[in-house]
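Novice: Residue numbers (our numbering), protein chains in the order written: chain C, 33 to 309; chain Y, 3 to 208; chain P, 3 to 208.
Certain hints may be false.
[Claimed, not checked] 25 Å max Cα-Cα, derived SDA-like pairs, lysine to any residue:
1) C:K194 x P:H58
2) C:K263 x C:T244
3) C:K194 x P:R79
4) C:K194 x P:E81
[Claimed, not checked] Restraint ranges, calculated between C-beta atoms of paired labels, are given here:
5) P:P134 x C:K194: 32 to 40 Å
6) P:G175 x Y:P38: 14 to 22 Å
7) C:M171 x Y:S161: 30 to 38 Å
8) P:R79 x C:F202: 23 to 31 Å
Hints were generated in silico from the structure; no laboratory data involved. All values derive from a computational prediction rather than experimental measurement. Where is the CB? At the ideal position from N, CA and C, for every residue including glycine.
The chain contents come next:
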Amino acid sequence: MSGIEQPFMLADAGAGEGDAALVQGAKPGEEALYLELDGWEGPLDLLLDLARRQKVDLRQISILALVDQYLGYIARAGALRLELAADYLVMAAWLAYLKSALLLPKEEQEDPSPEELALRLQLRLQRLGAMREAAARLMARDRIGRDVFLRGAPEGLRTDRKTVWRSDLFTLIQAYGQVKARTAPRIYHVANRPVITLDSALERVSAMLGVTLEWMEIRDFLPPHASPELKRSALASSFVAALELAKRGRAELAQEGAFAPLRIRRLKNSAQARVEA
Amino acid sequence: MSAQASLERTLEATLFAAEEPLSVDALAAHLGLPDPAEVRAALAALQRHYTARGVHLVERGGRWHFQTAPDLAHLLRREKEQVRRLSRAATEVLAIIAYHEPVSRAEIESIRGVQTSAGTLDVLMEAGWVSPAGRREVPGRPVVYATTPEFLDHFGLASRRDLPGIDELRASGLLDPLDEAMEAAMRFEPDEDGDGAGEADENLAD
Amino acid sequence: MSAQASLERTLEATLFAAEEPLSVDALAAHLGLPDPAEVRAALAALQRHYTARGVHLVERGGRWHFQTAPDLAHLLRREKEQVRRLSRAATEVLAIIAYHEPVSRAEIESIRGVQTSAGTLDVLMEAGWVSPAGRREVPGRPVVYATTPEFLDHFGLASRRDLPGIDELRASGLLDPLDEAMEAAMRFEPDEDGDGAGEADENLAD
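All chains should be built: construct the whole structure from the sequences, respecting the hints.
Specialist: Structure below.
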């Protein structure tokens with residue numbers, strides 16, 4: 033569409049549902065001024081009502097006549113409060129434009145053509161009209177509480193849930209046992225775990241370093257037949273021992289990269305250094 | 003008493019006592035009956051029995067309940083109206099939702115040509131006739147609305163197919179989106195010569 | 003339709019929709035009928051019609067109303083049984099009562115070492131395994147609880163003396179400190195479907 037939108041949705045929150053706002057705004061003295069628009073749900077609704085007065089069948093209405101009727105109506109209701117009637121006025125302006133476009137020679141038409149716009153308006157009116165009729169027919173049906181009635185005092189259906197509890201003897205005595213165990217006075221003791229202390233690791237590593245000048249991997253210092261737990265402890269204490277020896281200047285450490293084997297070697301001059309000291 | 007008659011009595015008592023309409027499945031489950039077909043047959047028989055009486059057995063959206071015969075409305079109507087009076091806006095919005103569901107608020111507004119105040123949808127939802135029914139998978143993912151089983155109950159509709167005039171409306175394309183209708187109209191009414199164009203001109207020039 | 007049949011329909015609908023039983027006079031007034039005798043006759047006919055049905059028309063103290071047939075009352079109030087396992091906490095409380103009865107709530111709590119919710123004792127009483135057994139004659143006169151014959155039935159005990167003693171519990175490992183018992187449980191549980199693990203959790207959450 034080339035910027036020519038039909039102004040149906042211009043009514044803003046302020047105006048809300050046109051007629052409600054108008055009715056609310058009405059005070060006794062001013063009533064006559066804008067009662068004119070009372071009862072319409074916006075400009076499309078007013079158009080629909082005017083169209084209905086033309087002919088019964090909305091497919092046969094004359095758009096030009098409708099435009100004239102609308103503009104005439106708005107002109108007669110000229111004393112409307114402007115802010116409330118804004119959307120009606122916007123519609124009037126658009127319809128005036130549509131009318132002039134419809135009357136112009138066809139060659140000068142832009143796209144969409146005024147005929148297309150007129151057809152669109154007509155289809156919208158048909159749709160709104162159809163829904164209005166449907167609503168009326170719906171409301172006229174036999175409605176509960178108005179035309180048909182339900183049982184006044186139904187007894188109601190109830191489903192009572194009854195719980196059947198289940199347990200067994202073993203669970204019972206086990207529970208008792210655990211209560212007794214839980215509440216019995218407790219004695220805590222710390223288990224004696226197999227560890228290699230830093231002191232003994234230091235002794236062991238420096239003794240082994242004294243044997244050779246070659247690089248050795250740190251895992252060579254671990255006791256070969258130890259349990260996995262003891263091995264972990266030995267690895268930790270041997271590592272700290274190696275650091276300690278390096279700090280004292282008695283050994284050097286090397287590692288190719290992260291997680292590569294950590295190697296350790298006695299410093300050649302360490303014995304001498306000690307002598308000099 | 004035959005098994006069928008006994009089942010009819012049972013269903014009659016259950017539906018009389020029930021506080022809300024019950025589906026065949028709910029009835030079968032409540033009564034511990036394994037065969038819903040049996041229930042359906044008995045309901046049909048029961049419905050026939052009540053046809054001429056002051057109380058009718060009706061099915062609404064797959065759920066059954068008893069209600070008074072519509073022709074007795076004038077005798078039963080209470081002094082104070084029990085039915086909430088809907089504003090014109092609410093009535094229209096309800097019809098648009100019922101005939102177009104599921105439908106978004108923007109779509110409702112485009113049909114009505116006015117904004118719908120928040121209160122209007124609230125009133126319909128509070129009445130229990132309309133409820134949100136998911137979102138449309140288009141930009142903005144707008145909530146769409148649809149009618150509820152209570153809507154069918156209240157307006158005495160066996161199903162949405164029962165909506166007054168819905169077949170004609172559908173056949174005439176009045177429930178299709180406006181753009182589709184425009185396209186269809188343009189296709190069938192070629193601009194230049196031809197009957198259609200003549201009519202259109204006539205209308206417009208009137 | 004005869005006048006009598008028409009009156010029957012009207013009465014049927016009115017009594018169906020009424021929120022309370024209605025007297026003959028009230029019915030006659032409501033329907034604008036000058037002759038209560040007519041109403042009475044129609045009510046009698048209506049009552050006969052419903053005699054064999056699932057709903058009856060009954061007169062109570064001069065006022066009429068519909069109600070479901072008495073022999074179908076069980077349909078309106080159904081009971082569904084649901085089997086549930088006793089919770090860990092309730093099992094503990096039950097065990098304590100069984101071993102120490104009669105025992106007050108405060109005593110149960112002091113043996114368990116945790117507070118016992120009121121609901122736990124309720125469950126045991128609902129199950130029928132525990133009942134109040136008088137009051138202890140100490141300040142505050144607390145209610146004491148004891149097990150019931152149903153308790154013995156359910157747990158397959160001839161008498162409370164059949165419960166294993168503390169020494170036997172210890173011999174079967176049931177008095178092991180909790181950590182070890184739990185560790186042992188955890189070692190064996192993974193293969194099973196977590197019954198024991200669930201209990202352990204419950205226990206911890208207590």
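Novice: Does each hint hold? Answer for all of them.
Specialist: A quick look at each hint next to the structure:
1. C:K194 x P:H58: violated, 30 Å
2. C:K263 x C:T244: holds, 23 Å
3. C:K194 x P:R79: holds, 12 Å
4. C:K194 x P:E81: The hint holds at about 7 Å.
5. P:P134 x C:K194: 32 to 40 Å: violated, 22 Å
6. P:G175 x Y:P38: 14 to 22 Å: Given a distance of about 55 Å, which is not inside 14 to 22 Å, the answer is violated.
7. C:M171 x Y:S161: 30 to 38 Å: violated, 19 Å
8. P:R79 x C:F202: 23 to 31 Å: Violated, since R79 of chain P and F202 of chain C (Cβ atoms, about 37 Å apart) do not stay within the stated range.
Going through the hint list in order, the structure does not satisfy hints 1, 5, 6, 7, 8.
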